[in-house]
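For reference, the chains in residue letters:
There are 2 protein chains.
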Amino acid sequence: MALRFEILARDGAARLGRLTTPHGVVETPAFMPVGTLGAVKGVGPHELEAAGARILLSNLYHLTLRPGIEAIEELGGLHRFVGWRGPMITDSGGYQVFSLSRLAEVDDGGVTFRSHLDGARLRFTPEGVVDRQRRLGVDLAMVLDECPPWPVEHGAAAASLERTLVWARRSREAAGEMPGGLFGIAQGSVFPDLRERAVEALAELDFDGLAIGGVSVGEPDAERRAVVERTAALLPDAKPRYLMGVGTPADLLHAVRHGIDLFDCVLPSRNARHGLLFTRRGTVRIKNAVHKRDPRPVDEGCDCPCCRHVSRAFLHHLVRSGEVTGKVLATLHNIRFYLDFMGQLREATASGTLTDVGVPSVAPTSD
Amino acid sequence: MALRFEILARDGAARLGRLTTPHGVVETPAFMPVGTLGAVKGVGPHELEAAGARILLSNLYHLTLRPGIEAIEELGGLHRFVGWRGPMITDSGGYQVFSLSRLAEVDDGGVTFRSHLDGARLRFTPEGVVDRQRRLGVDLAMVLDECPPWPVEHGAAAASLERTLVWARRSREAAGEMPGGLFGIAQGSVFPDLRERAVEALAELDFDGLAIGGVSVGEPDAERRAVVERTAALLPDAKPRYLMGVGTPADLLHAVRHGIDLFDCVLPSRNARHGLLFTRRGTVRIKNAVHKRDPRPVDEGCDCPCCRHVSRAFLHHLVRSGEVTGKVLATLHNIRFYLDFMGQLREATASGTLTDVGVPSVAPTSD
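Read top to bottom, the protein sequences are chains A and B. Residues in the first sequence are numbered consecutively from 8, following this note's numbering. Residues in the second sequence are numbered consecutively from 8, following this note's numbering.
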């Protein structure tokens with residue numbers, strides 16, 4: 008497999024890394040914007056590149072349904088299909104076991120989905136998922152796993168985890184020649200013994216990296232943070248560590264401090280579409296009347312296209328009017344905010360000043 | 008008033024011109040993208056600039072409703088509000104007399120709208136419309152006019168025209184110190200005598216430019232073209248000529264050949280949102296199954312972000328999936344197509360080769 012991961016600096020448990028993939032280098036800690044169907048909603052690949060994104064996440068379940076793996080393969084692979092030159096990662100469909108649970112049936116061999124589009128039957132096995140990602144040509148592939156809901160009983164979580172670990176072994180054996188790397192996913196819900204069991208079993212399989220899955224499924228912040236702290240501490244040091252589906256800027260800072268290298272989350276783009284913007288001074292609800300006559304940019308410290316060109320007043324006007332340009336500009340800003348924030352965390356890790364980094368409050372009184 | 012218009016070259020009736028406004032120079036013939044609420048739908052000002060747009064059109068009726076003229080004035084004027092550094096033009100609300108006719112009541116003094124948002128009463132008078140555009144600080148302001156429907160009886164069209172001409176005189180008198188220029192609008196539906204009457208009366212008022220209004224309201228192509236040909240021939244030679252709300256590439260070519268300098272139309276952006284793309288080889292309906300595995304860009308001769316980065320297959324996928332990125336990329340392409348096409352018409356006018364310019368067919372069999 009064709010991944011290389013070097014740790015260039017450390018600050019406590021935090022690591023400044025360089026992940027080399029077939030489609031280029033990713034400096035870590037890194038945020039991977041979510042393009043479920045191949046593009047971040049409202050954002051073309053040129054804008055994503057301009058925002059400073061280095062690696063793009065897409066979703067195997069959704070791509071399998073539409074346009075289908077064969078079509079993408081015939082078009083020269085996922086990168087060419089979506090017009091993204093840098094590294095790409097796909098999630099395996101394991102998260103959809105949770106998010107589309109009423110359409111998913113799990114057995115020991117894999118998952119059977121009924122398509123959310125037309126009800127067609129769709130079989131996901133550990134081997135099939137590896138094979139599809141190989142055909143897509145992704146730089147980082149994820150194993151098929153089962154993401155249990157929260158809350159879940161210890162017994163059910165343990166049984167689910169054992170199945171996920173069997174799948175992980177099958178995935179590893181199926182991997183063979185991959186264009187990029189294959190990551191294992193540690194499940195185990197909020198139970199320390201299960202998380203420990205997960206990491207121990209996965210570490211033996213010598214994946215190219217390990218992920219913490221099964222968080223951001225409704226659990227309280229404190230539970231999630233405890234899982235991250237405990238699990239990150241167990242993960243092999245030399246391999247990249249990916250915290251799936253997390254989170255707020257405060258979550259990212261917390262996880263980086265505990266040694267996480269990779270993140271993906273829909274929060275910046277989804278919040279943007281709802282008019283909630285991240286700034287260096289806290290979150291801004293752009294629909295609020297207080298912004299109607301505010302000539303300032305969303306974030307004075309930001310040079311994204313939104314902050315460079317338009318005022319809070321105009322964004323307020325567009326979003327209140329339901330204009331799609333409002334969603335587009337807000338998404339460009341939030342994505343840029345996340346990418347800039349990760350850059351700040353990398354710099355702080357390099358200079359050993361991570362403890363000085365703060366995060367803006369979530370809802371300052373002025374907005 | 009602060010407009011200057013120079014004619015640099017001619018090819019038959021066509022003119023290559025340079026229109027100097029307070030916010031910069033526009034080379035004509037020019038296409039003005041439509042940002043009704045201040046932005047082309049899905050396109051930020053930075054993207055519009057990158058596409059080569061030089062002048063942006065917005066709409067006084069819509070801006071009056073939301074966010075209100077006072078708010079924009081307080082924010083430093085329309086340019087600062089929408090984040091557009093180049094010239095701006097606003098339509099007067101006259102077109103909404105047609106398009107929102109069930110909400111508009113016309114009397115000799117002006118138009119009373121009931122807001123399409125909340126039913127609030129909104130009064131538009133010739134003087135008020137001039138005053139509002141002055142306060143917005145637009146480079147090109149349009150007089151209030153009445154845009155009759157099609158078909159309309161000669162008598163009704165004549166009566167409407169006389170009212171529009173009285174309004175034009177009142178507008179001209181109200182203009183006084185404008186930051187930019189004020190354009191008169193020739194109405195008269197499809198009746199040659201009325202169009203002649205309109206131009207004659209308006210020419211006396213010494214506007215900074217004249218527009219042909221009252222087309223693109225449902226009349227057959229041949230009727231519209233006849234109006235354009237006859238009316239354009241009557242317009243004062245030395246002033247810029249603006250054909251409102253037109254049209255297809257073929258319409259633009261036709262009108263340029265007959266001496267029109269300025270255009271606006273929602274066609275490129277609206278069609279894009281519906282998956283209809285303009286290319287140098289004809290229109291492409293991107294939703295059609297034939298594009299599902301087509302690795303080519305939408306238009307091989309185009310270097311817009313859509314054609315540079317993604318294939319027809321990916322755009323098909325996004326548009327079929329209802330992803331807003333599909334609409335955004337398609338809009339960027341169509342706007343760029345229109346702007347490039349106008350550039351081609353300017354070059355051809357400069358070199359006296361306008362008769363050689365063809366337009367792509369509207370629906371080639373291959374798509």
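Heads up, some of the hints might be wrong.
What the hints assert, rightly or not - One side of the interface only, derived from the structure: several residues of chain B facing chain A at Cβ under 10 Å:
| id | residue |
| --- | --- |
| 1 | ARG73 |
| 2 | GLY93 |
| 3 | GLU307 |
| 4 | GLY308 |
| 5 | HIS324 |
Derived by calculation from the structure, the hints in this document are not laboratory data. Glycine included, each C-beta is placed from N, C-alpha and C at the ideal position.
Hints, verified against the model:
The closest approach between the C-beta of ARG73 (chain B) and any C-beta of chain A is roughly 6 Å, which is under the 10 Å cut-off, so the hint is satisfied. The closest approach between the C-beta of GLY93 (chain B) and any C-beta of chain A is roughly 12 Å, which is over the 10 Å cut-off, so the hint fails. Interface hint status for GLU307 (chain B): violated, as the beta-carbon distance to the closest one in chain A is roughly 15 Å, over 10 Å. For the restraint placing GLY308 (chain B) at the interface with chain A, the shortest Cβ-Cβ distance is roughly 18 Å, beyond the 10 Å limit, so the hint is violated.
Taken as an interface hint, HIS324 (chain B) checks out: its beta carbon lies about 5 Å from the nearest beta carbon of chain A, inside 10 Å.
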